[in-house]
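Trainee: So the sequence lines, in the order shown, correspond to chains A and H. This note's numbering puts the first residue of the first sequence at 442, with every later residue one more than the last. This note's numbering puts the first residue of the second sequence at 442, with every later residue one more than the last.
Note that these hints are calculated values from the structure, not bench results. Some hints here could point you the wrong way.
If several chains are the same, the list does not tell them apart, and a pair holds so long as it fits within one copy or across any two.
[To be verified] Simulated pairs of lysine-lysine, BS3-like, Cα-Cα distance not exceeding 30 Å:
#, residue 1, residue 2
1, K533, K814
2, K572, K802
3, K551, K666
4, K551, K669
5, K533, K669
6, K814, K742
7, K533, K551
8, K551, K731
9, K802, K450
10, K669, K811
11, K566, K450
12, K602, K742
Keep in mind it's a predicted model, so treat the numbers as computed, not measured.
Protein chains: 2
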Amino acid sequence: MSINNPHIKSFVPPQRTLMGPGPSDVPQRILDAMQRPTIGHLDPAFQDMMEEIKSLLRYAFQTENPLTFPVSAPGSAGMEMCFVNLVEPGNKVIVCVNGVFGGRMLENVKRTGGVPVVVEDEWGKPVSVAKVEQAFKDNPDTKVLAFVHAETSTGAQSDAKSLAELARKHGALTIMDCVTSLGGTPVLIDEWGIDAAYSGSQKCLSCTPGLSPVTFSEGAIEKVKVRKTPVQSWFLDLNLVLGYWQSAGKRTYHHTAPINPLYGLHEALVILSEEGLENAWSRHRTMHEKLRNGLEGMDLKFVVEESARLPQLNSVWIPEGVDDAAARTRLLSEFNLEIGAGLGALAGKVWRIGLMGYSAKAQNVDFCLKALKAVLA
Amino acid sequence: MSINNPHIKSFVPPQRTLMGPGPSDVPQRILDAMQRPTIGHLDPAFQDMMEEIKSLLRYAFQTENPLTFPVSAPGSAGMEMCFVNLVEPGNKVIVCVNGVFGGRMLENVKRTGGVPVVVEDEWGKPVSVAKVEQAFKDNPDTKVLAFVHAETSTGAQSDAKSLAELARKHGALTIMDCVTSLGGTPVLIDEWGIDAAYSGSQKCLSCTPGLSPVTFSEGAIEKVKVRKTPVQSWFLDLNLVLGYWQSAGKRTYHHTAPINPLYGLHEALVILSEEGLENAWSRHRTMHEKLRNGLEGMDLKFVVEESARLPQLNSVWIPEGVDDAAARTRLLSEFNLEIGAGLGALAGKVWRIGLMGYSAKAQNVDFCLKALKAVLA
Chain A
442 MSINNPHIKS FVPPQRTLMG PGPSDVPQRI LDAMQRPTIG HLDPAFQDMM
492 EEIKSLLRYA FQTENPLTFP VSAPGSAGME MCFVNLVEPG NKVIVCVNGV
542 FGGRMLENVK RTGGVPVVVE DEWGKPVSVA KVEQAFKDNP DTKVLAFVHA
592 ETSTGAQSDA KSLAELARKH GALTIMDCVT SLGGTPVLID EWGIDAAYSG
642 SQKCLSCTPG LSPVTFSEGA IEKVKVRKTP VQSWFLDLNL VLGYWQSAGK
692 RTYHHTAPIN PLYGLHEALV ILSEEGLENA WSRHRTMHEK LRNGLEGMDL
742 KFVVEESARL PQLNSVWIPE GVDDAAARTR LLSEFNLEIG AGLGALAGKV
792 WRIGLMGYSA KAQNVDFCLK ALKAVLA
Chain H
442 MSINNPHIKS FVPPQRTLMG PGPSDVPQRI LDAMQRPTIG HLDPAFQDMM
492 EEIKSLLRYA FQTENPLTFP VSAPGSAGME MCFVNLVEPG NKVIVCVNGV
542 FGGRMLENVK RTGGVPVVVE DEWGKPVSVA KVEQAFKDNP DTKVLAFVHA
592 ETSTGAQSDA KSLAELARKH GALTIMDCVT SLGGTPVLID EWGIDAAYSG
642 SQKCLSCTPG LSPVTFSEGA IEKVKVRKTP VQSWFLDLNL VLGYWQSAGK
692 RTYHHTAPIN PLYGLHEALV ILSEEGLENA WSRHRTMHEK LRNGLEGMDL
742 KFVVEESARL PQLNSVWIPE GVDDAAARTR LLSEFNLEIG AGLGALAGKV
792 WRIGLMGYSA KAQNVDFCLK ALKAVLA
């Protein structure tokens, strides 16, 4: 016993208002669900709940894909699950990069041994459909098209429907990041014909962070089944995960699921189902308009042009002469309000104000505008 | 909108007594901690809590390793983090297999492109130190020794100290699975000289499942830094994770940490610190003896011989003529009691009775013995 007991006390977090890029405010109903009694991950009651989560996620994703479930890890792991399963060494992948998360997709392609073809767009702009079309013409042997539907680092939304159409036309699978869009703006997996998509629990679903809802089409599963090389990750191998998340009664042990966080996700999806998808989308839109009016009234300028602007993630340029870190520190310490800093190339230049899930309400918009006014005065 | 709203109601789990191989019973204090208000993962208050978790984990692991933290995913991901970082393609790895989880280590070695040298022992027996010594003599170019300290599939404990000594003598790093031992029986990372170890939150720490405490020695970090090939996983790349879990103030964004589950782990570690490690170990020992006396009184035979028996995981042979599944179903439906089934080669042949963390108490032992007697009558 060489290492002494540190004698640390229980942690009691402050009560914040979360209006950054996620986590968003978590409703008490979800927090209450998370503290219900833990049961075993092979308990029939838990397996029934898993089936309900799958069904609720299919509604959220607007898909009939049987393989729709939450990965037992954050969105980054959901992203990696898509790439390690659908990309084999030597496969050509068109990767669209218009922000941090497109760049992360590129990183994933490289680590799977895929051959990336990068389509770059300016940060804050949507992915250019014309450039992707050209990339397909130049690379007819492309196996996968990967793009971010809603770039969390900029607040730009891309035209997923047209991009997926191009991929289908050229015989490629699509991988789509919808971490920030799911539950906030339309994500129509089947209508658009997306083959693999991943999201996060802590954005417009307003659950605590740590889980990544994913969905895979029959075409994607087919690709996994005919792979010539084994999937490089054991934890994320769909062949193994399939046996775990398949219909109750036949379940085989893979890993121990995060029971209580899944109670939380179940409750988050029940709340979404009670509100209805269209109502949730329209609430995000309305709250965005209210916030936009207030921000523009303060002469703050948006990074993204109106046609591609995500209602749930509002990036604005930091006014000249304002100290980014000092302003955010004041918001946190004086108002208990969190807004997001800029990431990557936009660090120090923009603020990202989230209106996601439970945070997308009039009370939060008013509060945020008031606090910003005080800090910028 | 082609997929209809499933209109599912909130989930209310039954109240079980968890005496399987994990999750174990979760104390109300931990459940209460998990429903505290969510804050941002870059909030200074959260970063302070992360530092406390690291310090509490160093105490639990008995190590001064700065790089000691919880992976934001279950134990299987903690295992994979150790292998993808410390094994490069072509590296020879001695893997000890005496149960399911040794087999999973082997699977990990293969997927990283390592060259496995398998040392096999019968399921239920500890790893043979003599065989490992021979394997090192036969393979002087071995880079890593990997073994399971406490095999969750059988209840056998291996001699980690002697195994680590062998590895050091032969210039190899050690990777140790201590998923089931941490907090239940001594795990002495620094004293034994272990280079990488991973555990789980839901065993003797009695937290909810979903997090994997890990620790890495300076030697392990050195190996990661001089790798010739990139780590194949982005999510588990220690080079990136290092920037995220390093001291507060310098933290760079990697992924969004599972905030509320980490509140739970913090509380679980505070409880362990309040009890003290030695007291926790001795409680597990005492409860095991009480359970053993009761089981032997019912003529149930242990799978593992006494010298290698884990107090926190009691594997017994299912008596002849008893229907495994039917008996466990009765325990669950009539007593709300979960015990574990056999895994792999032991499926249908053994039961695994867990006495882990909060489940290791006299009340549970008495209850379990009473329920077993009723079902076996």
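Trainee: At most 30 Å between alpha carbons: which applies to K669 and K811, within, between, both or neither?
Mentor: neither (58 Å within a copy, 53 Å between copies)
Trainee: Using 30 Å as the alpha-carbon threshold, which applies to K551 and K731: within, between, both, or neither?
Mentor: neither (42 Å within a copy, 55 Å between copies)
Trainee: For the identical chains here, do K802 and K450 meet the 30 Å Cα criterion within one copy, between copies, both, or neither?
Mentor: Only across copies: K802 and K450 sit 24 Å apart there, 35 Å inside one copy, limit 30 Å.
Trainee: With identical chains treated as interchangeable, where does the CA-CA distance between K551 and K666 reach 30 Å or less: within a copy, between copies, both, or neither?
Mentor: So K551 and K666 pass the 30 Å test inside a copy (22 Å) and across (19 Å) alike.
Trainee: If the cutoff is 30 Å on CA atoms, where do K533 and K814 land: within, between, both or neither? Let me know, please.
Mentor: For K533 and K814, the Cα distance exceeds 30 Å both inside one copy (49 Å) and across copies (62 Å).
Trainee: Can you tell me if K814 and K742 fall within 30 Å by alpha carbon in one copy, between copies, both or neither?
Mentor: Result: close within a single copy only, 15 Å intra versus 73 Å inter.
Trainee: Go through the copies and call it for K572 and K802: within, between, both or neither, with a Cα cutoff of 30 Å.
Mentor: neither (37 Å within a copy, 65 Å between copies)
Trainee: Go through the copies and call it for K551 and K669: within, between, both or neither, with a Cα cutoff of 30 Å.
Mentor: This pair counts as both: shortest intra-copy Cα distance 18 Å, inter-copy 15 Å.
Trainee: How would you label the pair K602, K742 (within, between, both, or neither) given a Cα cut-off of 30 Å?
Mentor: Only inside one copy: K602 and K742 sit 28 Å apart there, 62 Å across copies, limit 30 Å.
Trainee: Could you place K566 and K450 in one of the four classes (within, between, both, neither) given a Cα distance threshold of 30 Å?
Mentor: neither (47 Å within a copy, 40 Å between copies)
Trainee: Under a CA distance limit of 30 Å, which applies to K533 and K669: within one copy, between copies, both, or neither?
Mentor: Both ways: K533 and K669 sit 15 Å apart in one copy and 24 Å across, limit 30 Å.
Trainee: Go through the copies and call it for K533 and K551: within, between, both or neither, with a Cα cutoff of 30 Å.
Mentor: Both. Shortest intra-copy (11 Å) and inter-copy (25 Å) distances satisfy the 30 Å Cα cut-off.
Of the numbered hints listed earlier, those contradicted by the structure are 1, 2, 8, 10 and 11.
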